[in-house]
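K.L.:
Protein sequences, first through last, are from chains A and B.
The letter at position 102 of the first sequence is residue 339 when you use this note's numbering, and the numbering goes up by one with no holes.
The letter at position 307 of the second sequence is residue 544 when you use this note's numbering, and the numbering goes up by one with no holes.
Among the hints, erroneous ones may be present.
Copies of one chain are not kept apart here, so a pair can be met inside one copy or by any two copies together.
What the hints assert, rightly or not - List of simulated lysine to any residue pairs, SDA-like, C-alpha gap at most 25 Å:
no.	residue 1	residue 2
1	LYS570	VAL500
2	LYS271	ASP553
3	LYS271	ASP527
4	LYS370	ASN320
5	LYS476	ASN272
6	LYS480	GLY413
7	LYS480	GLU562
8	LYS274	ARG481
These are computed hints drawn from the structure, not numbers from a lab.
2 protein chains.
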Amino acid sequence: MAVFNPELYAGNIITSRIRLARNLKDMPFSLDEKNAKDVVKKVNRALVKTDTFNLYFVSNLDEITLEAMKERHLISQNLIDNNVSGAALINPDESLSIMVNEEDVIREQCFMKGLMLTEAYKRLDAIDDELAKNLDIAFDENLGYLTACPTNLGTGMRASVMLFLPALTESGKIEGLIDEVSELGLTVRGLYGEGSRAEGCMYQISNEITLGISEYDIIKSVEEAVLSICRVERELEEKLYVKRELITMDKAKKAYGVLTNAVLLPYSEFLSLIAKVKLGSMLGMINISDTQALDELTVAVRPANLCVQYGRPLGDTDRDLFRAELVGKKLMKLKE
Amino acid sequence: MAVFNPELYAGNIITSRIRLARNLKDMPFSLDEKNAKDVVKKVNRALVKTDTFNLYFVSNLDEITLEAMKERHLISQNLIDNNVSGAALINPDESLSIMVNEEDVIREQCFMKGLMLTEAYKRLDAIDDELAKNLDIAFDENLGYLTACPTNLGTGMRASVMLFLPALTESGKIEGLIDEVSELGLTVRGLYGEGSRAEGCMYQISNEITLGISEYDIIKSVEEAVLSICRVERELEEKLYVKRELITMDKAKKAYGVLTNAVLLPYSEFLSLIAKVKLGSMLGMINISDTQALDELTVAVRPANLCVQYGRPLGDTDRDLFRAELVGKKLMKLKE
């Protein structure tokens, strides 16, 4: 397994994520309340040895906080729907999230910046070992890990990489690439739903097949696809943007001008503009070098995260007002 | 005749212009070279008593300088086309321009800011008196002043007012108004050609009829139409913009952000954005109070005027680059 520099295709490769699905031996995938609460305790106890985790119960959190955690990919809608026994253990830097009583009894997740699937898997594997010592994990010699949904059988693993692909999006070539990738047993999704694709130019590529293949082979196939997509993207960027420097710089700076002067900033408008600023930043055409800060801003100003920062739920107009204020301040600061 | 405060409908009423067409008694409208050059001398001599004028011969000026003067409405294409004897006498603040050997032998023009048709006419009338003392002006008791084109017969006068009408443009109501106004013997034109109307929201309203009506009645009819259009415009502005303050402010500030960050700024994009900034300025929603400076900028960055400021002809891309630079600096300064 190659170890990648997190700076590899910086800007294009945003984050890596590994998710493992686990269930309990001789127990249903959906536990009754008593067993469900019991397993939360056991997971909590097991994880004491691995990292510092905060334990959150869905039933103790308000709607906005839950939605904000979902926007940060820490929890899923499926977990939110279980407000009887749904829980999540999350470490302080939010790189690890262990959901309990989701679709599967346990779903372990690790997030890392850059192309770091192997590293993320290794971290999660250590956690998985601790869990196996403390809980009877459902495993079948032929089928591997047993999961609620048969599409997760085997490794129970999903390896995903979040990508920023402006040139493939603008040229329309992303569609053909999505078809090619799906023939390799991989899948590409727009990060914030189908409609947002063209706006934010962000995509998530992940494995579809989990059975009859090793964890490292899954990682390898995703990594290879990511690298090959990034190669094509960079070639296209050279043609579309680098060779048309003035036009690209103009678009990036105008987008920056709108973002730093906006009074109202709907999320979709923000997404479309920040993509232009980020591209300008990646190509050194705009005086902002920290593209990761731009990626973080993209999550921070999603609707629910915005409300969490404001301290209370906000109506649509107030959200757009507060988003404009936050984005303006942040971008001014990044340019200093 | 009412005397208007130049602040009346400030922003909406940009400038007033009076033009008088005159020809010589018993002479053709298009003079031969000898007579044409002779009349330039006579006009120049006559005007010594009225104001300081600079005399320009078309044949002595380069293409860009001529085009720039045309963009500033000081001279016409018809004058430019006469590079044998075409000449213009222009005073230093460019409020007076007397074209010689245009379609008519003499075309006197006076420009003033705000709704100042009467004042402009009085200034021009004094000049016209001086010219009549020194030249034999063609005048017929029944037809009035004789002109090359019969549509100018009588007074030989065109009274025009330049208007900024964003609400009438955006609502599409301008079209109906143009029809109404033309029934009154007046005409409304987009300032920079038909296509630019929706972009810059600028219009010129002027009289069509010159015969069988006094100068002051022409002025009165134009003024009345201007005031009635401005009343409708302001009511619409209240509804479309003042009552939707956040949206209007947002558009104005975003436009300001683009104009102050642009690398490339084609004129049509500039026109559309400066209209939003000006509207925001008129409504006190943006920190720029000098709307006249915005109007002046709109002329200063037209293609030929831009080249004159740069000092030499520029290709399209260089124009857009230089325009972006000039506009950015100017707007930053206006906000200080």
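K.L.:
Each hint needs a verdict: does it hold in this structure or not?
P.N.:
Status of each hint after checking the structure:
| no. | hint | in the structure |
| --- | --- | --- |
| 1 | LYS570 / VAL500 | both (18 Å within a copy, 21 Å between copies) |
| 2 | LYS271 / ASP553 | neither (40 Å within a copy, 75 Å between copies) |
| 3 | LYS271 / ASP527 | neither (48 Å within a copy, 72 Å between copies) |
| 4 | LYS370 / ASN320 | neither (28 Å within a copy, 98 Å between copies) |
| 5 | LYS476 / ASN272 | neither (58 Å within a copy, 62 Å between copies) |
| 6 | LYS480 / GLY413 | within (24 Å within a copy, 47 Å between copies) |
| 7 | LYS480 / GLU562 | between (34 Å within a copy, 22 Å between copies) |
| 8 | LYS274 / ARG481 | neither (59 Å within a copy, 52 Å between copies) |
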